[in-house]
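Please put together the full structure from these sequences, using the hints given.
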Amino acid sequence: MSVPEELYYTAEHEWVAISDSTARVGITDYAQRALGDVVYVSPPAPGSRVTAGDPCGEVESTKSVSDLYCPADGEVTEVNPEVDEDPGLVNSDPYGAGWLFKVKLDSDDPVPPGLLSAAEYSALIQDEEQ
Amino acid sequence: MPDPQPAAPRRTPLTQVHEALGATMTDFAGWQMPLRYRSEIAEHNAVRTAAGLFDLSHMGELLVTGSDAAAALDYALVSEISATRPGRAKYTMITDSDGGVLDDLIVYRLADEEFLVVANAANAATVVAELTERAAGRAAVVEDKTEDFALIAIQGPRSAGILTTLTETDLPSLKYYASYQALVAGRNVLLARTGYTGEDGFEIFAAPDDAPALWAALTEAGNDAGLIPAGLAARDSLRLEAGMPLYGNELSRETTPFEAGLGRVVKLDKASDFVGKQALAARAKQGPARLLAGLVGQTRRVPRHGYAVLWEGKPSGTVTSGAHSPTLGKPIALAYLDGEAAAGAARPAQQATDSQLAIDIRGSAEPAELIKLPFYRRQDRT
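Chains as they are written, first to last, in our numbering: chain A, 1 to 130; chain B, 1 to 382.
It cannot be assumed that every hint is accurate.
Interface residues of chain A toward chain B, partial, derived using beta-carbon atoms under 8 Å [said to hold, decoys possible]: (1) Gly36; (2) Asp37; (3) Val39; (4) Tyr40; (5) Glu60; (6) Thr62; (7) Lys63.
Calculated directly from the structure, the hints in this document are not laboratory data.
We put the CB at the ideal spot given by N, CA and C, even for glycine.
Structural data, given as structure tokens:
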């Protein structure tokens, strides 16, 4: 189970990479395993405003659908066109080519509130596996 | 948070093998079964292009024996079981007296007075109880032998090529829906050319103690041919593409065989009376209450069980099964249509305009088109 140290996480199994007040968001290795083969991703639309903790899209697998939650307040700037073409990237490379969308953050905080560290997220998924 | 289970799920003779392979396990009808090993799309595609290996030991197996066994089954089930020759099998159903389906079954006639009835795991107890009751007063014994059987299926175009390396049995002479006793990898089994995938394949009934060795032998024999283990998720997408019903989705106590488009399994004119005859005869005369149809989604969102089918924006049916179809590369669904949608579906293809049909996928009307089942049919049929 991969949980890269340098990323931040949410309790809804998204990861967040922050640079220059922009957050790049995807779902974690734990999430893609639980979902199974991803067949369709519906990310929030570029230009739309998003609020931390609100559902802002869907990730659909062969067997189920999961809501995508936005990790922080801001405006969506970009969605990953490759994932639209090839949803399987979310399974094969969830932290890299399988990124889902980017948000220009409202806040200048280096780390928006409420996000988990890699250690905290690892502990969370250990508990969930029990 | 998972719901607490009242009792630990039952394990098949192969559950340990699946766990060792790292399968994602799931509780299916009270059995601990492999949902998928790595990727259900890869497992599905393997069955369509090479071969897949399935553990189906959770299915119920009943033995019905005695001089009246055939007559008892003619009465208990909707088909004419007595007309099935030894060495042949029949797909059939058991209904309630009102014609509602209690389970769909495959009955293998092993000998004149010996029948193996294979039931869905979730309905095994019901089928045992009903068959026992319906056989009462006849020279026929109904025994639940589920614990005495393991069931392994190998399905896919390369199945015969793989299996033939493990058995002396002449496979080309084992026709579709036939079965016989054979030696596979040195173990005594009942070998049947049946399956639930729409591909050529075999179902192997074995002693539970032989299951791990058989699984290992098949795995090794199939390695170069691209055989991989396949779980319940792939099993479901495969049968859906093949247009095969699933009890609990397309079949239930609220449907007769006729609604599911399977009126052919009901032999109304067989000599014996049978449970449900009057109700089914009436239904046959009236026509089905609803129409089961195949739908292909025109966007990429997947229709799911229970979603509404819309005709010109208004609810006119319900999805019974839906999945992403790896073979078609699109979402597919089976749905019961009523009212306007059923009428539309009954019209010749050119007249049924696709723009009228949609599926309500979580609040969004996603266009879909009707197609004639099955969604997929294999090229060659031996």
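Tested hints:
no.	hint	in the structure
1	Gly36	holds, 6 Å
2	Asp37	holds, 4 Å
3	Val39	holds, 4 Å
4	Tyr40	holds, 4 Å
5	Glu60	holds, 6 Å
6	Thr62	holds, 5 Å
7	Lys63	holds, 6 Å
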